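Novice: Take a look at the letters that make up each chain.
2 protein chains.
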Amino acid sequence: MTSQTSWFETAVAELTDPLDQRVWSIIVSLFGDMAQDRGAQISGGALTRIIEPMGIKPEAIRVALHRLRKDGWIESDRIGRVSHHVLTEFGRTQSAAVTPRIYARGPAVDERWHLLIAEDGSGTQLLEEVMLSRDYTPIGRNVALGAGPIPDQTEGLLALEISPKRAPKWVQDRLCPHELRASCLTLLNAAERAAETRPKGWAPTPLQSATLRTLLVHRWRRVVLRQPDLPPAFFPPDWVGPACRDAVFRMLDTLPRPSSAVLNGTG
Amino acid sequence: MTSQTSWFETAVAELTDPLDQRVWSIIVSLFGDMAQDRGAQISGGALTRIIEPMGIKPEAIRVALHRLRKDGWIESDRIGRVSHHVLTEFGRTQSAAVTPRIYARGPAVDERWHLLIAEDGSGTQLLEEVMLSRDYTPIGRNVALGAGPIPDQTEGLLALEISPKRAPKWVQDRLCPHELRASCLTLLNAAERAAETRPKGWAPTPLQSATLRTLLVHRWRRVVLRQPDLPPAFFPPDWVGPACRDAVFRMLDTLPRPSSAVLNGTG
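Protein sequences, first through last, are from chains A and B. Mapping of the first sequence onto the working numbering: residues 2 to 268, in sequence order. Mapping of the second sequence onto the working numbering: residues 2 to 268, in sequence order.
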């Protein structure tokens, strides 16, 4: 085992989410990153070779695939001894919906924000209905924050354009909970440590690239999708989101995205 | 009885508040209008002559004066058979505090507005404390509207500058309740009817002027002090506040304010 192999193993251990090893979710991240195109297949063998280095057993992969088929995310077929998996139309749609946010190189910088305020009591239901169909961040039982200008239809709600300059701690804590800040910080630290120890000139095999990419995308996805794009004033002072995003993409950029064809042909 | 005398009587009947004839409050309006200066006295006789035409009995005036003395608004003394009443320092301060709003010829047009939003639950107490010491209009349990820019001290509250463009019905109803709109409309109608029927060239005696001024100021005061200066969007479409203000001041301007010396010397 060369020192380069062992860096890969160290990096995998570093980047493995200490809190969340839900295999089905890792597979979703993998397909979203490397097999999101219509008809892009990943063979059962490739899937195992990408995921096994994370310490996940083939049996756990089979269980996760079963669940993903049951939930309508993935379809599988088998020719002889070789199985192939593809995202269903539903799976592709779900994956495509979050791809722009996961892979955005910077936060969506909205200059305009607005509040919707519901009447105490009965009005909160009206607000909840609006929040079901549009992207709002609740600030309280009867107050929600939305990006962009005030929409045309806000019947029954007080809609006010705002330019937040500062926010009290409870707002920052509500919109950026401690657990999310901790996830973000540990991912930042992991990515930075892995980058620092990486031997000069180390080039990944397609499979190594796939494993590391999957880990990075999986963890970043769980940070970025739980963190609404907020006015800067709403982030707590210890929020390292931008640094974490930079570290994730700095590493992703050194890990060429292998095609599914290459992955299926390996091994 | 000339037709001019009878117009005065009709106008008094018209301008008498159908809902509120609290005599102590009428006396407060009278002092605020004609004897707010330090040391300005109103004799018991003048008070009776100004207020009796409203259909208020001398006994009711005595009861009201007793209450105002007990509450620290008024001091009375008596020389021989003549009693005199003056505002106390407390009474003058209270009166002076609302004089600018009552006599303003137009609404205070604030260009800047802000919201204070409290955290659900414990935060509402914080908001209530702020509202005790500063002039805020509650929009809900945890939201209050304030005029001007955001104050420096808003610790624990989300403070947002706003430019309200439109408001839903519940906000208009809350800030401008139906009863207040009705009071405003009936005062507008009364002032307009009185102005229309007024004989050309009719000139009031100082006492007549004092009676009509007291009625007008008393009723307008009860409208304007219950109506916060709000962003225009927050007023309901049937709000006649500006027209009412115009009608009140159009009539006040034709009723010279008699000095307390003149009033005390009459009769």
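To be clear, the hints were calculated from the coordinates, so they are not data collected in a lab. All figures in this text were calculated on a predicted structure; none of them were measured in a lab. It is possible that part of the hints are untrue.
As the list claims (entries may be wrong) - Only some residues are given here: those of chain B computed to face chain A with a beta carbon under 10 angstroms:
#: 1; residue: 94
#: 2; residue: 132
#: 3; residue: 133
#: 4; residue: 162
#: 5; residue: 164
#: 6; residue: 169
Unchecked claim - In silico negatives: residues of chain B with every beta carbon more than 10 angstroms from chain A:
#: 7; residue: 14
#: 8; residue: 119
#: 9; residue: 120
#: 10; residue: 121
#: 11; residue: 141
#: 12; residue: 143
#: 13; residue: 193
#: 14; residue: 205
Ideal placement from N, C-alpha and C gives every residue a C-beta, glycine not left out.
Novice: Tell me, in ascending order, the numbers of any earlier hints that this structure violates.
Specialist: 1, 2, 3, 8, 9, 10, 11 and 12
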